[in-house]
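Given chain A, work out where chain B should sit, using these hints.
Chains as they are written, first to last, in my numbering: chain A, 1 to 280; chain B, 1 to 300.
Check before you lean on any hint, since a few could be wrong.
What the hints assert, rightly or not - No more than 20 Å apart at the CA atoms, straight line, and that leaves these computed lysine to aspartate or glutamate pairs for DMTMM-like:
1. B/Lys6 / A/Glu173
2. B/Lys181 / A/Glu173
3. B/Lys8 / A/Asp172
4. B/Lys6 / A/Glu271
5. B/Lys98 / B/Glu185
6. B/Lys8 / A/Asp178
I should point out that these hints are in silico values taken from the structure, not numbers from a laboratory. Being a predicted model, the structure only gives us computed values, none of them experimental.
Residue-level listing of the chains:
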Amino acid sequence: MIVKRRVQKAFVYLFVSLIGILMLYPVLWLLSSSLKPEALIFSQQGLWPKEFTLENYAKGWYVIKDLSFGTFFKNSLFLSSINVIANLISCSMVAYAFARLQFPLKKLWFVCMLGTLMLPVHVTLVPQYAIFHYLDWIDTFLPLTVPKFFATDAFFIFLMVQFIRGIPRDLDESAIMDGCGIFRIYLRIILPLATPVLITTAIFSFIWTWDDFFSQMLYLNTTSNYTVTLGLKLFLDSQGQSAWGPMFAMSILSILPITIIFFLFQKYIVEGIATTGIKG
Amino acid sequence: MSLRAKTKNSLIAYGFLTPWLIGFFGLVLGPMIASLYLSFTHYNLLNAPQWIGLENYKNMFFDDDNFWDSVHVTAKFVVLSVPTQLLSALLVALLLKKGLKGIGIYRTIYYLPSLLGGSVAIAILWRNMFDSNGLVNSFLSLFGIEGKAWISHPDYALYTLVILSIWQFGASMIIFLAGLKQIPENLYEAAEIDGANKFQSFIHITMPMLSPVIFFNLVMEVIKSLQAFTSAYIISGGTGGPINSTLFYTLYLYQNGFSFFNMGYAAAMAWVLVLVLAIITGILFITSRYWVYYEDGGGK
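This is chain B alone, in the form it adopts within the complex:
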C-alpha cells in the first residue's frame, strides 16, 4: 500500500474512533485527573476549589467514623455475599448440567432474579418482605418462629441485602454452565476408564478446567459488590441506617458529594475506592497463578 493510501486509511480509522476519543478524554480521563485534583481541595460546586493538601485523606482515615463504618459494612457485604453467591451458582450449574429435560425453563427461572434484582422495584419488595409483618416473618410463623423487624434492626439489616445479592446468582450460573459445556467429554471418559470416581473427576477435571471461569466470576462479582448502591439506598431510605448498618461505601460517597456537598471529600473517597479495587484485583490476579489452570499452558 502506498504511503498516501496508508495515511488516508489511518485518517478514516481515526474518523471511526473519534466518538470514543472525545468520550475518553472529555468524560473519562479528563474527569479522572480533575477528581484527583479535587480530592486535595475543599469543593462544593458553587465556589472555586480550595487547595487543602491531604486534609480530606487525613480526615477520612483518622477522624471519620462513618467512613470506617462504611468500609466495614462493604467489606462484610462482599465477604458474605460473593462466595455464597458463587457457590450457589456453581452448585446449581452442576445440577443443571446433568442434562435435565427442560433445562431452558430452569435457566430462565434462575436468571430472572439477576435481571430484576438491581431494580428499585425489587428493593421495595425486599424492604417489605423483611419488615416485621412481612412475608418472611409470616413464613417463619408457620414454624412457630417469631421473626424480627429485620430491616430496622442494625444487627440484621445488612443480611437482608446479602440475601438479595445471593438471590441473584443466575447470571454467574449461566457463565458457569457455559464453562462446563466447554469441558471436553472425552476427559471424563478417559478418567472413567482409568477408574476415577465421580468425585475424583470433579476435583481433577471439572475444577481445573472451570477455574478460569470461576476466577472471572470472582473478579466481576467482587468489583460489582464493592460498588453496590441501589438496594441499600432504597432499603435504608437513603440513610444507610439503622445505625450505619447498611452504609455502603458508595452510599456514603454519594451522601458526601450530593447531600453534604463535600465534593472534594467524595472525590477522595472515589480515588480510595479505585486504589482498593486495583489492589484487590491485583491480589486476585497474583493468587490466580496458583489455582487457575489455563489449558494453552505457559500460565496465562
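One chain only, chain A, in its complex shape:
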C-alpha cells in the first residue's frame, strides 16, 4: 500500500514537472536565442548557447534611426506609473463610498458599476476616440492616462469594495467617537488597513498598462511616443523575418519588468486572483 502510494506520488511529480518544463520551454528558448549569434538561432538545438553574445541586445536597442528602446521604456514606465497612481486614488475613493458610506441612489450606482465590469471596451471605442480626437489628444499620453483618474477600471473598485467590507466597523465607530470625520477615517483607517488590496491594484494596474497593446496602438502614432509594446511592433513592420535575434532580445527585455514584479509580489498576485475568482 505504502509502496504503491509512493510510486503514485512519484508519477504525479514526474507528470507535473514535465508539464512545467514544457510550459517554460518556449520562454527559456526565447531567452537563450536572444543570447545566441544570429547564425546559431536556428541551427543550434538545445537551450545552452554554444556561444554567448550581447550583440542582439545592442542591435535591438537601436531599432530605428535616432530612437532607442530607452525612449520606449521611459514612455511605458511613465504610463504605467501614472496609471498605478490614478487607479489607487480614484478607485479607493469610490470603493470607500460604496463600502462604507450612506447616500441616496447608492444601490443604483453600485449596479451601474457592476454592469460596467463585463462591458467590452469596443462599445465605447469609437465615441471615445472621437472625443479624444476633438480634444486634440490623439498621439499624446492623455487618452491612456486621464480616464484612469475617473475610476474607469471598475474591476479595481469591485476588488476594493469587497476588501473594505471585510474591515471591522468597530474601528470606524471608535474613530467617530474620537471625532474623526469621514475623510479622516478614509485616510487614517481604511487606506492603511486596505494596504494588501492596494498593492494588488497597483501590481495589476502596472502589468495591464505595461502589456496593453490595443489602446496604445490606437492612440500613439509618432515613434517618439511609442511604448515598449509598440517598439516591438516596429520590428514586424520594418523588416521581414531577417532580424529575429534583436527582436528576441527586445522581447526578453519587454517582459523582464513584469516578470520581476511577479517574483517580488507573487503572494499578492496569486491571492488577488484566488480571492477575486471566488467572490466574483
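Only chain B this time, still in chain A's reference frame:
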C-alpha cells in the same frame, strides 16, 4: 442622526463618488449611447455622421463575407480553447492539490505563461515557434515528422492561437486551487467512512462543491476569448490572414474603425458583440441552475 448631518454626509459621500460618476457618464454611458447612435450612421470621424438607418446592420448580416468569417473564426476559437484550457487547469489543480512538496514553485511555473501570454513579446515568440523552420518543427523533426508552415497555412494558423490560449491555463488553475481548498476535508472523510471510492468522492463532492468556481471561470474565459486581439494581430501582421483564418471579431472591428475609417460600421459591430456577450452570459446563467451547486441553498 439629524437631517442636516445626514445631508452633509451624503454630500461628502458624493464627493468620494465624483470621479467615478464623471467617468461613468462621460467615458462609459455617454459613449455607449453615442456608439448606438453612430451604429445607424455613416461616420468617418472627419465628416458629421450621416443617418443611414439599419444599413450597417443589413450589410453586416447579408453582404459582408468578412464579417461572417470573423464570426466563425472567433466562435471556433472560443469553442476550441475555452473548454481545453479549463480542463487542463482543473486537471493540474487536482494534481497539485494532493499536497505536493514545493507546490509554490509549480504554481509559479504554471502561472508565468498567464502573466506573459497576452504580451506582444510572446506573440512574436509564437509567430517564430510555429514558423516553417521554427522550434515546433525542429522538435517534430526529431521524430521524423515533417512540420508545416503553421502560421502561414490557413488550415492551421488558428490552432497556433488556440495553443497559445491553452498555454495560459495558469490563472484559471489558481482559481481552481483556491476553490478546492475551500472544500471542507470532513466531507471527504464522511464519504470514505460511507465506503465511497476516490472517483465517487470526486463526482459527488469535488464536482458539485467546485461547480460555482467552474462556472465563474467559464464565464470569464468565454468573455475574454470572444475579445481576443493582440496575438491574432501580431501573428497575422494585422491582416487576420492567411485567408481570414485568424480574423478575430475584434480584429475585424478594429480594421473597420481604424483602417477603413468605417466607424459607424465598427460601432454596429461593437453593439452586436455586446448583445452576443449578453446572450451567451445569459444562457450560461440559465443553464447554471441545473449544474451549479450553491451551498447556502435556495439556488443562488
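Hint check results:
{"no.": "1", "hint": "B/Lys6 / A/Glu173", "verdict": "holds, 16 Å"}
{"no.": "2", "hint": "B/Lys181 / A/Glu173", "verdict": "violated, 34 Å"}
{"no.": "3", "hint": "B/Lys8 / A/Asp172", "verdict": "holds, 18 Å"}
{"no.": "4", "hint": "B/Lys6 / A/Glu271", "verdict": "violated, 38 Å"}
{"no.": "5", "hint": "B/Lys98 / B/Glu185", "verdict": "holds, 12 Å"}
{"no.": "6", "hint": "B/Lys8 / A/Asp178", "verdict": "holds, 19 Å"}
Checked against the numbered hints above, the structure violates hints 2 and 4; every other hint is satisfied.
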